[in-house]
Amino acid sequence: MDKSKCRSASMISTIVNGEVKGKLHLVKGNQWTRLRFQSLMDHEIGTHFVRAHNNQKIVNMMGKWTREAKSPIVDLITEEGLASLNTLLKSRNKLMWSPALSYYSQCRARELGFTDLFLELKQYVSSPEARWSYCLRCKRGLRNSALPGSLGKDRAYLEGAIKILQRLNDLDFVLLHSMKVSLEDYNDAKIVLLRNSSLTRQLHIPSFLSNIADYKESLKEIARVNLIDVKEKKRARRSFEMRRSVSSLPGTSEGSAATRASPFQQELMEKNLDKISSLARKHADLLLSSAKQNRKKTRQAVIARLHDQSAKREENRNAILDECFKQRSRWGGLVFSWDRQKSNKLVNAKNT
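Going by my numbering, the sequence shown opens with residue 1, and the numbers climb by one from there.
Derived from the structure by calculation, the hints contain no laboratory data. Where a beta carbon is used, it is the ideal one built from N, C-alpha and C, also for glycine. Among the hints, a few may not be true.
[Stated by the list, open to error] DSBU-like mimics (lysine-lysine), calculated; alpha carbons at most 30 Å apart, straight line:
hint : residue 1 : residue 2
1    : Lys292    : Lys216
2    : Lys57     : Lys94
3    : Lys312    : Lys94
4    : Lys297    : Lys180
5    : Lys122    : Lys90
6    : Lys233    : Lys23
7    : Lys153    : Lys21
8    : Lys282    : Lys297
[As the list claims (entries may be wrong)] Cβ-Cβ distance ranges computed for the label pairs, FRET-style:
hint : residue 1 : residue 2 : range
9    : Thr33     : Pro148    : 34 to 40 Å
10   : Ala319    : Leu136    : 52 to 58 Å
11   : Asp285    : Lys21     : 39 to 45 Å
Please put together the full structure from these sequences, using the hints given.
If you want it as structure tokens, here you go:
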């Protein structure tokens, strides 16, 4: 698998005078096709920038409403998982090979140094530049990259994508693109937008969400290709539970503090996170092995096609030689005869 074009762009967003300004950096020397560039725009602009832009508008109008996450990786899992799925919308290959390889690299980096990780990834990535990029992303921020250890950011791509696909039938994807909200705060965010419906008319929605039915069908196709089971849609919550959740949200008349999970709920969330992590690791191994098998089949098909072409050329050549031998001409005592064993040299012969 030669993916030397990976990690070819990055988006940097800053807030200036209450507005989000973004700058997209492209790596020099990469070749861009229309389809690849569209996938990049869906990832960086349609997901990261749009969510940051809409979230800042909501903050300007009603202040910060979400509770602080237990870990920064919680919000990042939803952000990068959603961006990874949007990247595959226009792609012909729906396999999540890049998120899977990032997750695998991050897990192996916890046990290997930079050099050992670089050598191990060779079985999946033949390009030294691409392997260096994966290793660098895993080891960045460490004082000694030769020791085991890694930055856990890259696990968010695959883990977030799996969590979103599993809850595909229960999620409102317009809401997910309307603010920087994690799946853990999804229900609270939905209630906030329902109580402030005027906000939705001022938010920007990416073009690929113009038809929600087609968008969800694309996500279901991604889930099917990557062997991810989509859970059935949950039943609506009871009305008294909805009223209790609304009254505890900030900005409501009955409360200003964000709801806090009970110790039992926190323990349950941690168990679910462990299950998702193990499931993501299994999918990463499965996707990598599938990609390796596909690469082997493709190589075998190319070799077989080349052999067939070579055989056909040899047959055509023999046919031409036989025809020339039958129809040889005599001009001025010279006879053009064809000798296969002497590499088709012109032989001078006497008239017989």
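Quiz item: Between Lys297 and Lys180, does the CA-CA distance stay at or below 30 Å?
Solution: This hinted pair is violated, its Cα atoms lying about 42 Å apart.
Practice problem: Kindly confirm whether 34 to 40 Å is satisfied by the beta carbon distance between Thr33 and Pro148. | Solution: The hinted range 34 to 40 Å holds for Thr33 and Pro148, with Cβ atoms some 38 Å apart.
Practice problem: For the pair we were handed, Lys153 and Lys21, check the Cα-Cα distance against 30 Å. | Solution: The hint holds at about 23 Å.
Quiz item: Under the criterion that the straight-line Cα-Cα distance not exceed 30 Å, is the pair Lys57, Lys94 satisfied?
Solution: violated (33 Å)
Quiz prompt | Pairwise hint evaluation, Lys94 against Lys312, where the allowed Cα distance is 30 Å at most | solution = violated (36 Å)
Quiz item: Given a hinted range of 39 to 45 Å, is it respected by the beta-carbon distance of Asp285 and Lys21?
Solution: holds (40 Å)
Self-check item: 30 Å Cα cutoff - pair Lys292, Lys216
Solution: Status holds; Cα separation ~29 Å.
Exercise. Quickly compare the C-alpha distance for Lys233 and Lys23 to 30 Å and report which way the hint goes.
Key: Cα-Cα ~38 Å, so violated.
Exercise. Please work out if Lys282 and Lys297 have their alpha carbons no farther apart than 30 Å.
Key: Distance ~23 Å between Lys282 and Lys297 Cα, so the pair holds.
Quiz item: Within 30 Å, alpha carbon to alpha carbon, are Lys122 and Lys90?
Solution: holds (28 Å)
Self-check item: Distance restraint evaluation - Ala319, Leu136, Cβ atoms, bounds 52 to 58 Å
Solution: Holds, at about 57 Å.
Going through the hint list in order, the structure does not satisfy hints 2, 3, 4, 6.
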